[in-house]
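K.L.:
Using the sequences and the accompanying hints, generate a full structural model.
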Amino acid sequence: MRRSALRGMGLFTTALLLSAGAAEAHVGTGGASGFAAGFLHPITGLDHVVAMIAVGLWGAQLGKPAIWMLPITFPLVMAFGGFLGLLGMHVPDIEIGIALSGVLLGAAVLTETRPPLFAAAILVGVFAIFHGYAHGAELPLGENALFFSLGFVIATGLLHAVGIVIGLLYQWPWGKITVRAAGGAIGAVGAVFLWNALA
Amino acid sequence: MPVEAGAHLVNTGLGPIYDGVAHFAMSPEAILPIVALAIFAGFRGMTHARASVLILPVAWVAFGLGGMLLGPLALNPAFESLPLLILGGLAAADIRMPAWGTGSLALLLGAFEGCSFGSAYSAARDGLPALTGSAGLVFVLIALVSAAVLKAKWDWTRIAMRVVGSWTAASGMLLLGWGLR
Numbered sequence: 004m005r006r007s008a009l010r011g012m013g014l015f016t017t018a019l020l021l022s023a024g025a026a027e028a029h030v031g032t033g034g035a036s037g038f039a040a041g042f043l044h045p046i047t048g049l050d051h052v053v054a055m056i057a058v059g060l061w062g063a064q065l066g067k068p069a070i071w072m073l074p075i076t077f078p079l080v081m082a083f084g085g086f087l088g089l090l091g092m093h094v095p096d097i098e099i100g101i102a103l104s105g106v107l108l109g110a111a112v113l114t115e116t117r118p119p120l121f122a123a124a125i126l127v128g129v130f131a132i133f134h135g136y137a138h139g140a141e142l143p144l145g146e147n148a149l150f151f152s153l154g155f156v157i158a159t160g161l162l163h164a165v166g167i168v169i170g171l172l173y174q175w176p177w178g179k180i181t182v183r184a185a186g187g188a189i190g191a192v193g194a195v196f197l198w199n200a201l202a
Numbered sequence: 078m079p080v081e082a083g084a085h086l087v088n089t090g091l092g093p094i095y096d097g098v099a100h101f102a103m104s105p106e107a108i109l110p111i112v113a114l115a116i117f118a119g120f121r122g123m124t125h126a127r128a129s130v131l132i133l134p135v136a137w138v139a140f141g142l143g144g145m146l147l148g149p150l151a152l153n154p155a156f157e158s159l160p161l162l163i164l165g166g167l168a169a170a171d172i173r174m175p176a177w178g179t180g181s182l183a184l185l186l187g188a189f190e191g192c193s194f195g196s197a198y199s200a201a202r203d204g205l206p207a208l209t210g211s212a213g214l215v216f217v218l219i220a221l222v223s224a225a226v227l228k229a230k231w232d233w234t235r236i237a238m239r240v241v242g243s244w245t246a247a248s249g250m251l252l253l254g255w256g257l258r
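Protein chains in written order, with the numbering used here: chain A, 4 to 202; chain B, 78 to 258.
Treat the hints with caution; some may be incorrect.
As the list claims (entries may be wrong) - Not the full set, but computed from the structure, chain A residues with beta-carbon under 7 Å of chain B:
#: 1; residue: Met-72
#: 2; residue: Ile-75
#: 3; residue: Pro-78
#: 4; residue: Phe-83
#: 5; residue: Leu-89
#: 6; residue: Ala-148
#: 7; residue: Leu-149
#: 8; residue: Leu-153
#: 9; residue: Gln-174
#: 10; residue: Trp-175
#: 11; residue: Gly-178
Worth flagging that the hints you see were computed from the coordinates, not collected in a lab. Don't be surprised by glycine CBs; every beta carbon is placed ideally from N, CA and C.
P.N.:
If you want it as C-alpha cells, here you go:
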C-alpha cells in the first residue's frame, strides 16, 4: 500500500515537473535583502542547477543510504564552501570544478556507476565545496543575512529533491532509461560549461 | 566585533505579553535553534525531551532578566550563527549524548537567547511581561516539536527532521561567514 502510494506520488510529481512552463529565472538585482533573493541565487545558474539535480538523481540511483545521506550532508558541505567564499579564501579553478561536477555526476548517472558510499560522498563533497564557494564569493552585503542564507539552503535542498523525485522512476525499466538519459543530458550540459571554462 | 544594534520590539496593540509572543514568532534566528534542539532531544528520547522542555523556558526567563539589567546588546551575526550551527549539526548527525548534556545545551541556548531578548526589552517599560510572553511561546514550541519527534514512527519522518537540522546548520555556517566577512 505504502509502496504504491509512493509510486503514485512519484509519478504525480514527475508529471508536474514535466508540465512546467518556461523558466523565467534571472540574475537577482535585489541584493541580499531577504529570503527571495537567497532562494533565487542557486537556481539562476544552469551549471549549478544541473549539478544539484544530478546529486539527487545519483542518490536515488544508488538507493539507501545514499538517497537520504546526500540531502543531509550536501547542504552542510556546500555551506562550508560558501563560508570559504564569504571569507575571501582562494580556491583555484572554481568554474572548471563546477563544470566538471556536471560532467562527472552526469556520467555517473548515465553509466550507473556504483562506487563505495564513502567514495561517492567524497566526490560529491568536493564538488559541493566548489559550488558553495562560487555562491559565497558572489553574495552581496545585505541587511538580512539569515533570511538570505535560509533561502539559499532551502533552494539547494529542493533542487536535490527534484533530482531524487525524478530518480524514483529508477524502479521501473522505462524509468531506468529516463534517469540515465537525464544523467546523459546533465553530462552534456556540464561538457558545454567545461568547454567554456577552458576556452 | 560590535555592530549597530538592530533589536526592536514588536507592537501588536494587544499588550506587552502578546508583543513578546510576536517578537519571538518573528525571530527565526531564535526559532530555528530551538526547533533543532527539540529535534535532537526528541531523537534521544523522553528524558532528554523533558529536560529540554523544563530547562529552556526557565533559563530563558532567568537570563532574560539579566539581559534586561545589562541593557541593549549589539551582537555580531557570527555569534547568532553558533546556536544554529551547533544544534543544527547535532540534530543532523543524531549524535548520542547523556541527558545532562542535552539539558546543558538547553541551558546554554536559553541563556544566550533569553539574554538577547531581555536586552531588547531593557528599554521598554513592560519588559517582564514581554519576556514572559516570549518564554511561553518558547515552551509551546519546544514541547510540540520534541513531542512530534518522539512520536515519529516512520523512517522518512526522522530523515526529514535530520534534513531540517542539516539545513539549519548550513544556514548557520553561511551566517557565520557573513558575520566574519
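K.L.:
Against this structure, judge whether each hint is valid.
P.N.:
Right, here's what the structure says about each hint:
no., hint, verdict
1, Met-72, "violated (9 Å)"
2, Ile-75, "holds (5 Å)"
3, Pro-78, "holds (4 Å)"
4, Phe-83, "holds (6 Å)"
5, Leu-89, "holds (3 Å)"
6, Ala-148, "holds (4 Å)"
7, Leu-149, "holds (5 Å)"
8, Leu-153, "holds (5 Å)"
9, Gln-174, "violated (16 Å)"
10, Trp-175, "violated (20 Å)"
11, Gly-178, "violated (20 Å)"
When held up to the earlier numbered hints, the structure conflicts with 1, 9, 10, 11 and fits the remainder.
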